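Novice: If you want the building blocks of each chain, they are given just below.
There are 2 protein chains.
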Amino acid sequence: MTDYHARQMHLINRPAGLPTHADFALVETVLAPPTDGEVLVRNHFMSVDPYMRGRMRAIGVYAEPYALNKPMYGGAIGEVVESKAAGFAPGDIVLNQGAWQDKLVAKAASLTKLEPFDPDRLSLYLGTLGMPGFTAYVGLLRFGEPKPGETVFVSAASGAVGANVCQIAKLKGCRVVGSVGSDAKARWLLEECGVDAVINYKTCGDLTAALAAAAPDGIDMYFENVGGEHLQAALSVMNPFGRIAACGMIASYNNAEPAPGPNNLMLIVGKKIRINGFIVWDHSDLRPAFLADMTAWIQDGKIVSRETIVDGLENSVDAFLGLFTGDNFGKMVVKI
Amino acid sequence: MTDYHARQMHLINRPAGLPTHADFALVETVLAPPTDGEVLVRNHFMSVDPYMRGRMRAIGVYAEPYALNKPMYGGAIGEVVESKAAGFAPGDIVLNQGAWQDKLVAKAASLTKLEPFDPDRLSLYLGTLGMPGFTAYVGLLRFGEPKPGETVFVSAASGAVGANVCQIAKLKGCRVVGSVGSDAKARWLLEECGVDAVINYKTCGDLTAALAAAAPDGIDMYFENVGGEHLQAALSVMNPFGRIAACGMIASYNNAEPAPGPNNLMLIVGKKIRINGFIVWDHSDLRPAFLADMTAWIQDGKIVSRETIVDGLENSVDAFLGLFTGDNFGKMVVKI
Numbered sequence: 001m002t003d004y005h006a007r008q009m010h011l012i013n014r015p016a017g018l019p020t021h022a023d024f025a026l027v028e029t030v031l032a033p034p035t036d037g038e039v040l041v042r043n044h045f046m047s048v049d050p051y052m053r054g055r056m057r058a059i060g061v062y063a064e065p066y067a068l069n070k071p072m073y074g075g076a077i078g079e080v081v082e083s084k085a086a087g088f089a090p091g092d093i094v095l096n097q098g099a100w101q102d103k104l105v106a107k108a109a110s111l112t113k114l115e116p117f118d119p120d121r122l123s124l125y126l127g128t129l130g131m132p133g134f135t136a137y138v139g140l141l142r143f144g145e146p147k148p149g150e151t152v153f154v155s156a157a158s159g160a161v162g163a164n165v166c167q168i169a170k171l172k173g174c175r176v177v178g179s180v181g182s183d184a185k186a187r188w189l190l191e192e193c194g195v196d197a198v199i200n201y202k203t204c205g206d207l208t209a210a211l212a213a214a215a216p217d218g219i220d221m222y223f224e225n226v227g228g229e230h231l232q233a234a235l236s237v238m239n240p241f242g243r244i245a246a247c248g249m250i251a252s253y254n255n256a257e258p259a260p261g262p263n264n265l266m267l268i269v270g271k272k273i274r275i276n277g278f279i280v281w282d283h284s285d286l287r288p289a290f291l292a293d294m295t296a297w298i299q300d301g302k303i304v305s306r307e308t309i310v311d312g313l314e315n316s317v318d319a320f321l322g323l324f325t326g327d328n329f330g331k332m333v334v335k336i
Numbered sequence: 337m338t339d340y341h342a343r344q345m346h347l348i349n350r351p352a353g354l355p356t357h358a359d360f361a362l363v364e365t366v367l368a369p370p371t372d373g374e375v376l377v378r379n380h381f382m383s384v385d386p387y388m389r390g391r392m393r394a395i396g397v398y399a400e401p402y403a404l405n406k407p408m409y410g411g412a413i414g415e416v417v418e419s420k421a422a423g424f425a426p427g428d429i430v431l432n433q434g435a436w437q438d439k440l441v442a443k444a445a446s447l448t449k450l451e452p453f454d455p456d457r458l459s460l461y462l463g464t465l466g467m468p469g470f471t472a473y474v475g476l477l478r479f480g481e482p483k484p485g486e487t488v489f490v491s492a493a494s495g496a497v498g499a500n501v502c503q504i505a506k507l508k509g510c511r512v513v514g515s516v517g518s519d520a521k522a523r524w525l526l527e528e529c530g531v532d533a534v535i536n537y538k539t540c541g542d543l544t545a546a547l548a549a550a551a552p553d554g555i556d557m558y559f560e561n562v563g564g565e566h567l568q569a570a571l572s573v574m575n576p577f578g579r580i581a582a583c584g585m586i587a588s589y590n591n592a593e594p595a596p597g598p599n600n601l602m603l604i605v606g607k608k609i610r611i612n613g614f615i616v617w618d619h620s621d622l623r624p625a626f627l628a629d630m631t632a633w634i635q636d637g638k639i640v641s642r643e644t645i646v647d648g649l650e651n652s653v654d655a656f657l658g659l660f661t662g663d664n665f666g667k668m669v670v671k672i
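From first to last, the protein sequence lines are chains A and B. Counting in my numbering, the first sequence runs from 1 upward without gaps. Counting in my numbering, the second sequence runs from 337 upward without gaps.
It is possible that part of the hints are untrue.
Stated by the list, open to error - Estimated spans, in silico, between C-beta atoms of each pair:
| id | chain 1 | residue 1 | chain 2 | residue 2 | range |
| --- | --- | --- | --- | --- | --- |
| 1 | B | 403 | A | 59 | 48 to 58 Å |
| 2 | B | 352 | A | 18 | 37 to 47 Å |
| 3 | B | 636 | A | 229 | 48 to 58 Å |
| 4 | A | 216 | B | 353 | 30 to 40 Å |
| 5 | A | 260 | B | 350 | 19 to 29 Å |
| 6 | B | 353 | A | 182 | 40 to 50 Å |
| 7 | A | 59 | B | 352 | 38 to 48 Å |
| 8 | A | 229 | B | 545 | 21 to 31 Å |
Unchecked claim - A partial selection of chain A residues facing chain B, derived with a Cβ cut-off under 10 Å:
| id | residue |
| --- | --- |
| 9 | 224 |
| 10 | 266 |
| 11 | 269 |
| 12 | 270 |
| 13 | 273 |
Claimed, not checked - SDA-like cross-link-like pairs, simulated, lysine to any residue; straight-line CA separation at most 25 Å:
| id | chain 1 | residue 1 | chain 2 | residue 2 |
| --- | --- | --- | --- | --- |
| 14 | B | 607 | A | 290 |
| 15 | A | 272 | B | 623 |
| 16 | B | 506 | B | 553 |
| 17 | A | 271 | B | 591 |
| 18 | B | 607 | A | 282 |
The hints are simulated quantities; they were obtained by calculation from the structure and are not laboratory data. A quick note: this is a predicted structure, and the numbers were derived from the prediction, not measured. The beta-carbon is built from N, C-alpha and C at its ideal position, and this holds for glycine as well.
Construct the entire structure; sequences and hints are all you get.
Specialist: Spelled out as structure tokens, the structure:
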């Protein structure tokens, strides 16, 4: 007998600043069995990502806002339990958009069947081989255009996106400077990821001065995950014709009131800087190249991944909140 | 007998905020006669441009700073008086870098011989047919990529650069919204330049609301001359995949202390916006196309020009300062 009982994390309030547990509710429900073209999926891992904070607002910027009192969603890896769709059979491993849910009935078109290169490393498909890794690949290679010998600066450098940016930039022959919020993260980047210099932005004092010291030849490309002071420092230390790939600005996501931006934007003109905001979903033409390159890099040991795995859907809100306090180390994943 | 007496405007102090007359001195001197490869030029018109404010700082961003107690420089149109250089003869009209000087001895390589399409409109070669017109052309066409039917927003829209951006964008089939600081300028843009809507930023109240009302379909491209609130409004009203050509940010040029930037830079990511800072000097590959296009547009009456001509080198500082208070209407030129 198939079990249609499911647990779902709902958004029940739109948070003003940093979300709290009172904004979410774990709801038990019974799913309607799949009909033609649908599949019942049991999830093993779900992703929590900073962009989800944007979906909790009333007005979406990145994407449609989450509805209140309905399950939230996002990237997850699961296994087909029951299929009414051609091409999917029980046991298939599928990438799906049913994060925050332990089970869901999904349209087959919303699923991507995976052929994992290692069945014990499924969660990689939410990180280095998933959206964050692809984001790093697109932002760095399509918009950053790193050239050998150039200096690349990466904020949130040990995060799910940043750590991949750092390592791909090293593979492309760049000098890489990362910014992180803990000495342990700094050590990991230096010792395991081959990053050339790391700044702990919480302890470095003046960030612009620290960046200038870490990048004595200036920076040629900045991978922007943070915004605010990081952007100001990057503009200050950037070389003429520098490029900024703007992936996110996590420093602002929980602001109840908007905070002013950098005071040196005029440098965009004087230094002839190019900034490209981007969202990875617009760049699926690069996906096959990404999967081929990244799988090879992982198998060859050229790209290492670090994950923080939180156990249980009931702890998914804590996992999500940890993204904003720096509790995660590498990609934050919830095992369901 | 050739007269080698010359008058030059020197920078004698580096201004902290808005420059004052005390920062400049009109100096009389006697030039050394030209030697091999040099030319004595008598200037008829000089340009004052906002970028010159940057050259008055101790540290150059756009370009090398002006030296103290030496003549300032910049675009000027003059006539050859005496030539020791092949290819230049008395009476030749030359574009030169001897602004702020009524006479100068210049190396031939620094001169561009003009063949003016109308000898009575020489000053156009400092405006619509000169650096500001070329800046408009490069910024709009190379970086703005306007498509027919799109909406283009132009700040400082009646200025030397902005008025050309507006009119080229109209020629490319765009809807054009301009921002200016006076009703007379607004009327000129609407009545003479064919601009579709104009905002007087000094009287419109909330600039973002005014822009949203003037551009009900959003804006697809923003030509940035001003910075600050204008940039914030443009980001707010911009459509996904919008482009910003960042030419200048005059709102900040006289700040003694840096002012914070827009509070909505995160929209760069969410709306997948591209920003290109640029300086026209890097784009001389487009110059022949610009001169051919712009001369034809002027002769066909498709591009109109408005100039404010101030008489006398002794009034050049007032002309320059007028750029920051909006006293100019169109291109500000000094007749020497």
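Novice: Lying within 40 to 50 Å: is that true of the beta-carbon distance residue 353 of chain B to residue 182 of chain A?
Specialist: holds, 42 Å
Novice: Quick check on a hinted range of 38 to 48 Å for residue 59 of chain A and residue 352 of chain B, using CB atoms only.
Specialist: Cβ of residue 59 of chain A to Cβ of residue 352 of chain B: about 42 Å, so the range 38 to 48 Å holds.
Novice: Holds or violated: is there a CB of chain B closer than 10 Å to the CB of residue 273 of chain A?
Specialist: Constraint on residue 273 of chain A satisfied, holds at 5 Å.
Novice: Interface hint check: residue 266 of chain A, Cβ to nearest Cβ on chain B, cutoff 10 Å. Holds or violated?
Specialist: Since the shortest Cβ distance to chain B is 5 Å, the answer is holds.
Novice: Would the pair residue 607 of chain B and residue 282 of chain A pass a check requiring their Cα atoms to be no farther apart than 25 Å?
Specialist: Given that 25 Å is the threshold and the Cα spacing comes to 11 Å, the pair holds.
Novice: Going straight from one Cα to the other, do residue 607 of chain B and residue 290 of chain A come out at no more than 25 Å?
Specialist: Given pair residue 607 of chain B, residue 290 of chain A holds - Cα atoms ~23 Å apart, limit 25 Å.
Novice: Check whether the Cα positions of residue 271 of chain A and residue 591 of chain B lie no farther apart than 25 Å.
Specialist: holds, 19 Å
Novice: Kindly confirm whether 37 to 47 Å is satisfied by the beta carbon distance between residue 352 of chain B and residue 18 of chain A.
Specialist: The hint (37 to 47 Å, Cβ to Cβ) holds, given that residue 352 of chain B and residue 18 of chain A are roughly 41 Å apart.
Novice: If I claimed the Cβ atoms of residue 636 of chain B and residue 229 of chain A lie 48 to 58 Å apart, would that claim hold in this structure?
Specialist: At roughly 51 Å between Cβ atoms, residue 229 of chain A and residue 636 of chain B fall inside 48 to 58 Å, so the hint holds.
Novice: Could you tell me whether the CB distance from residue 260 of chain A to residue 350 of chain B stays inside 19 to 29 Å?
Specialist: Holds, since residue 260 of chain A and residue 350 of chain B (Cβ atoms, about 27 Å apart) stay within the stated range.
Novice: Does the hinted range 21 to 31 Å hold for residue 229 of chain A and residue 545 of chain B at CB?
Specialist: Holds: the Cβ-Cβ distance is about 30 Å, inside 21 to 31 Å.
Novice: Take the shortest C-beta to C-beta distance between residue 269 of chain A and chain B; is it under 10 Å?
Specialist: With a closest approach of 4 Å, the residue 269 of chain A hint holds.
The earlier numbered hints are all upheld by this structure, with none contradicted.
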